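K.L.:
So the chains spell out like this:
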Amino acid sequence: MTDNPLKRTPLNEVHRAAGAKMVDFGGWDMPVQYSGLIDEHNTVRNAVGLFDVSHMGEIEIRGPEAMKLVDYVTTNAVARLKDGQAQYSGLLYEHGGFVDDILVHKVADDSFFLCVNASNQEKDFDHICGANQFECEVEFAGDKYSQLAIQGPKALGVAQTLTDTPLSAIKYYWFVDGTFAGVPARIARTGYTGEDGFEVYISPEDAVRVWNAIMAAGESAGIKPCGLGARNTLRLESKMALYGHEIGASISPLEADLAWIVKLDKGDFIGREALRKQREKGLTRKLTGFEMRGRGIGRDGYEIWIDGQPAGWVTSGSPAPTLNKNIGLCYLPINRAQPGEKIEIVIRNQPVEAETVPTPFYKRQGS
Amino acid sequence: MNYPESYRYTKEHEWVSLAGDTATVGITFHAQEELGDIVYVDLPKPGTQVEKGKSFGSVESVKAVSDIYGPVSGEVVEANDTLASAPEKLNQDPHGEAWLIKVRVASPEEFNNLLSAADYQTYIGAES
Chain R
1 MTDNPLKRTP
11 LNEVHRAAGA
21 KMVDFGGWDM
31 PVQYSGLIDE
41 HNTVRNAVGL
51 FDVSHMGEIE
61 IRGPEAMKLV
71 DYVTTNAVAR
81 LKDGQAQYSG
91 LLYEHGGFVD
101 DILVHKVADD
111 SFFLCVNASN
121 QEKDFDHICG
131 ANQFECEVEF
141 AGDKYSQLAI
151 QGPKALGVAQ
161 TLTDTPLSAI
171 KYYWFVDGTF
181 AGVPARIART
191 GYTGEDGFEV
201 YISPEDAVRV
211 WNAIMAAGES
221 AGIKPCGLGA
231 RNTLRLESKM
241 ALYGHEIGAS
251 ISPLEADLAW
261 IVKLDKGDFI
271 GREALRKQRE
281 KGLTRKLTGF
291 EMRGRGIGRD
301 GYEIWIDGQP
311 AGWVTSGSPA
321 PTLNKNIGLC
331 YLPINRAQPG
341 EKIEIVIRNQ
351 PVEAETVPTP
361 FYKRQGS
Chain U
368 MNYPESYRYT
378 KEHEWVSLAG
388 DTATVGITFH
398 AQEELGDIVY
408 VDLPKPGTQV
418 EKGKSFGSVE
428 SVKAVSDIYG
438 PVSGEVVEAN
448 DTLASAPEKL
458 NQDPHGEAWL
468 IKVRVASPEE
478 FNNLLSAADY
488 QTYIGAES
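Protein sequences, first through last, are from chains R and U. Numbering-wise, the numbering used here puts 104 at position 104 of the first sequence, and it's gapless, one number per residue. Numbering-wise, the numbering used here puts 462 at position 95 of the second sequence, and it's gapless, one number per residue.
No lab work stands behind these hints, which were simulated from the structure alone. Here the structure is a predicted model, which is why all the values come from computation and not from measurement. One should not assume that every hint holds.
Simulated crosslink set (SDA-like; lysine to any residue; CA at most 25 Å straight-line) [unchecked claim]:
1) Lys21/R with Ala386/U
2) Lys456/U with Ser35/R
3) Lys144/R with Gly222/R
4) Lys7/R with Lys456/U
5) Lys456/U with Asn42/R
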């Protein structure tokens with residue numbers, strides 16, 4: 001790892017000049033916080049925040065049979081997508097575990113745009129190329145795009161001042177190609193915070209200009225730059241999965257409580273047989289939400305005990321700033337993977353009481 | 368940030384001030400800044416022995432837990448109990464109101480061997 005210099009987004013200097021605290025995030029030098037994690041979190045819940053997520057990868061798939069290839073490598077039903085629509089999906093191995101979780105954007109029948117996790121993009125690209133029996137053009141496009149996420153209840157108002165595209169007409173999980181802050185942009189009404197907002201894909205050479213334009217446009221709305229720290233607590237409250245935590249190569253979407261992105265009847269796709277068998281046999285474990293009852297925070301990787309026996313592990317755990325509770329997600333045996341179970345989380349060698357609860361922990365009003 | 372000249376500092380980002388044989392121990396401004404929003408502070412009870420270089424408690428932020436190490440050896444005579452209900456004070460006034468423990472030191476030389484304010488600031492400047 002240390003032999004390779006950290007990768008930087010075009011906004012690296014902007015983050016440093018703004019006083020952001022930078023961290024190594026999967027090989028990328030990224031801002032983890034600016035004004036403070038809780039302040040940034042609350043700003044996104046109550047007003048609007050701006051995230052540089054240019055580390056995310058993009059893969060473009062083109063060709064007459066592009067839809068067939070995307071449908072074959074993902075779990076969700078690509079045939080149901082209309083032009084300009086996006087969907088959350090899984091890229092699986094034959095054995096049913098995750099290669100990655102991704103966003104599939106349908107540009108046209110013969111053109112798809114995938115947004116994938118930064119640290120998985122090379123692996124995803126190889127995986128898709130390996131399954132390309134459809135003579136599609138598969139392009140590793142991470143270097144072609146920067147991505148900015150404008151998130152929060154005031155995101156729509158702020159973003160609208162920067163484009164002629166009528167943004168309120170873009171429904172949740174749809175996108176439009178237009179102009180944003182004077183430059184060509186793909187504007188998607190998607191996000192990883194549980195709030196309304198947009199993810200804007202632009203050329204890297206336009207990134208600084210667009211960032212500055214958004215910060216200026218959002219000033220009166222109280223916009224703040226936000227780091228990956230707030231992004232993590234926001235997504236956790238909304239129970240959105242994070243690769244390497246809730247999902248990974250040894251975990252299936254059924255176990256991860258993501259059955260809604262698995263369409264077993266859509267036709268063949270990589271991982272389908274494994275998932276079908278898993279569903280027939282029944283799951284042995286499942287992702288479950290918990291709240292701490294005792295004092296402490298059950299953090300990623302901590303062991304869970306039930307009735308004095310090891311029973312599972314925490315995938316993500318944190319104080320939830322919006323809820324003022326300590327929450328988390330964990331894997332538990334299937335017969336305990338339901339709200340109302342008393343569990344213990346081993347925090348620095350001490351078992352601390354917690355209880356399983358319904359998820360998502362947070363849901364915005366009107367959604 | 369002001370790092371008081373009369374304090375001594377460690378590379379583990381604790382500070383110590385000495386009055387007679389009683390040392391007051393806290394974490395530095397730099398430490399709280401690195402940790403981010405602090406949500407829990409765990410401190411030893413009076414009577415506990417603290418050893419130089421050994422963990423005597425922990426500070427937990429939204430992101431992570433960090434051990435706090437004894438900058439000097441001795442017996443805890445007082446712990447700052449106000450931090451249990453108001454851990455955010457550690458973000459606001461780490462060099463003052465949000466001290467962590469007071470220790471009756473066994474050997475004042477330990478204090479003198481720690482980093483000066485200038486050396487500590489050079490150290491964190493080089494680190495970041």
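K.L.:
Taking each numbered hint in turn, which are not upheld by the structure, reported in ascending numerical order?
P.N.:
The structure conflicts with hints 1, 3 and 4, although it agrees with all the remaining ones.
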